[in-house]
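**Student:** Sequence:
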Amino acid sequence: MSGSQQASIHGEWGSRWAFVLAATGSAVGLGNIWRFPYVVGEYGGAAFILVYLGCILLIGLPVMIAEILIGRTGRQSPINTMRTLPARYGAKPVWQILGWLGVVAGFLVLSFYSVVGGWSLAYVPYTMTGAFTGADTATVDEFFSTLLGSPGRLLLWHTLFMAFTAWIVMRGVEQGLEKAVRLLMPILFFLLLVMVGYGMGAGAFTEALEFMFTPDFSALTGQAVLVAMGQAFFTLSLGLGAIMAYGSYLSSRSSIPVNSGAIAGADTLIALIAGLAIFPIILAAGLDMQQGPGLVFVTLSYGFGQMPGGLLFGTVFFILLSFAALTSAISIMEPATAYLVESRGWQRPLATATIAGAAWLLGIGSLLSFNAWSGYTLFELNFMEIAEYLSTSIMLPLGGLLIALFVGWVMPLQVSEGELAFGNRWLYRSWLIAVRYVVPVAIAVVFLNALGVLG
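Quick note, in this note's numbering, the sequence shown goes up one by one and the last residue is 455.
Treat the hints as calculated values from the structure; they're not laboratory data. Predicted model, so just to flag it, every value in this text is computed and none were measured. Cβ coordinates follow ideal geometry from the N, Cα and C atoms, glycine included. Don't take every hint at face value.
[Unchecked claim] Label pairs and their in silico Cβ distance ranges:
{"id": "1", "residue 1": "Arg16", "residue 2": "Leu183", "range": "16 to 26 angstroms"}
{"id": "2", "residue 1": "Val445", "residue 2": "Leu193", "range": "30 to 40 angstroms"}
{"id": "3", "residue 1": "Glu210", "residue 2": "Gln175", "range": "45 to 55 angstroms"}
{"id": "4", "residue 1": "Leu269", "residue 2": "Lys92", "range": "34 to 44 angstroms"}
{"id": "5", "residue 1": "Thr377", "residue 2": "Leu156", "range": "22 to 32 angstroms"}
{"id": "6", "residue 1": "Thr377", "residue 2": "Val258", "range": "40 to 50 angstroms"}
Given only the sequences and the hints, what does the whole structure look like? Please build it.
**Tutor:** As C-alpha cells, this is what we get:
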C-alpha cells in the first residue's frame, strides 16, 4: 500500500485550500516581511530580486514539490518518514539524517524566530500609543536599542510569542493549525494591501518601483547569490521539516504540483508586495536602505512617525508582522511535536510544551546576544547571527540538497510519477531533471563559492 493511501495519526487538512493556506502561512512569515526587505536593501535591490526569483523557480519550487511528495508518501513526522521510506525502497538508513536535519534546523530557527516575533509584538503597543509620532531618527534608534538592551523586556515578549505559538499547535491539525491559518491568512493579506495603498499615497512609490525592478548587476556578489538561495529556502520554509509535515496531512486526491505552484506563487507575490509596502516609506523619509535586521523596527518606525496617519498604519503594520511570524512559527514547531507524539506516545499538549520550552530556552541565547552576551562572538558573529547563518545559509540548503537527491535518485520513478500525476510527461521529466541535476549542482556551486573554493 502506498504512503498516500494511509492516514496520518495527526489528522488531515479539511480541504486543499486549508493546506495551501497553511503552507503559504508557513512560507509567508518574517522571511517575507522582516527579512526580505532588508536583504534586498543590503544586496542592491532589483538584481538581487531577479536572482532570488530564479532561485524560487529553478530550485525552490522543484524542492517544495519533492518535500511535499516525501511527506505525503511517508505520512509521519519527518524523522519517522525518513526512517520508513529508505527501508521501503531498499536504501541505507543514513538517509535518516535528512529527517533529523530538518527538525533540528526548524528548532534552531524557531528559537531566534520567537525573539524577533517578540519584537513585533512589543512594537504593537509602542506604536499604538504614539511612541514614534514626530520622533527624530536618534530617538527611534534609541528606542530599539533600549529594547534590545533590556533582557527582561525581550524575555517577556519572547515568552508571550512562544506561548501563543504553542497554544495553537497544542490544539492539533484541524482545531489548531487549520483554524488559525483560515483566520490569520486573509487578515494578513488584507493588512498588507492596506499598507501598499498607504505607501502609494504617503511614500516615494515610483522610486521604490525603480529600486525593486531596475537591476544593477554590478552589486551582485557570490555572497549575495548564497543569501538569495538561503532566502528562497527560508521564505518557502524548505528544509525545516514544516512542509514535509504539512504534506503528510494532505489528501491523496490533492495535486502536489498544483498546490506547490500556488504556495510558491503566493509567497513570492507577498514578498514583492511587502517590498512595495515598505520601500516607499523608507525612500520618502530619505532613510538608509541597508539598515539590516533593524530596517523594519528602526527605519520604518521613523517613517511612520513622520507621516500622516502613521500611528494607525504603523500599528496595523506591526500587527501584520506579528500575524506573519505566528503562521510560520506554528509550522516550524509542528514537525518536532509530531515526532514526540508518534515515537514517545506523548499527548500533544505535553509534546508541544516540551518543544516550546526547549526552543524558548535556546532563544534566550539569541536575546542575550544583544546585551549581556554582546561581547561574545565567533567569527565576528553573535549568538543569534550564528543561529541564523547555520540554519538559513547552511542547513536549509543542505536539507534541500538531500531532499532532491533522495527523491531524484532513491525514490522509485513509478512512485514519484504516480504520486505527482503531472498529467504531462514533459513536465514530469523537467521536474525530475531539476531535482536530479539542477538543484544539486546549483547548491554545490553556491556553497563552494561561499567557502572561497571557486575564487
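**Student:** All the hints need checking, so say for each whether the structure fits it.
**Tutor:** Status of the hints after comparison with the structure:
1. Arg16 x Leu183: 16 to 26 angstroms: Between Arg16 and Leu183, where Cβ atoms are some 18 angstroms apart, the hint holds.
2. Val445 x Leu193: 30 to 40 angstroms: holds, 38 angstroms
3. Glu210 x Gln175: 45 to 55 angstroms: This hint holds: roughly 47 angstroms between Cβ atoms.
4. Leu269 x Lys92: 34 to 44 angstroms: holds, 40 angstroms
5. Thr377 x Leu156: 22 to 32 angstroms: holds, 26 angstroms
6. Thr377 x Val258: 40 to 50 angstroms: For Thr377 and Val258 the Cβ distance comes to about 46 angstroms; the hint holds.
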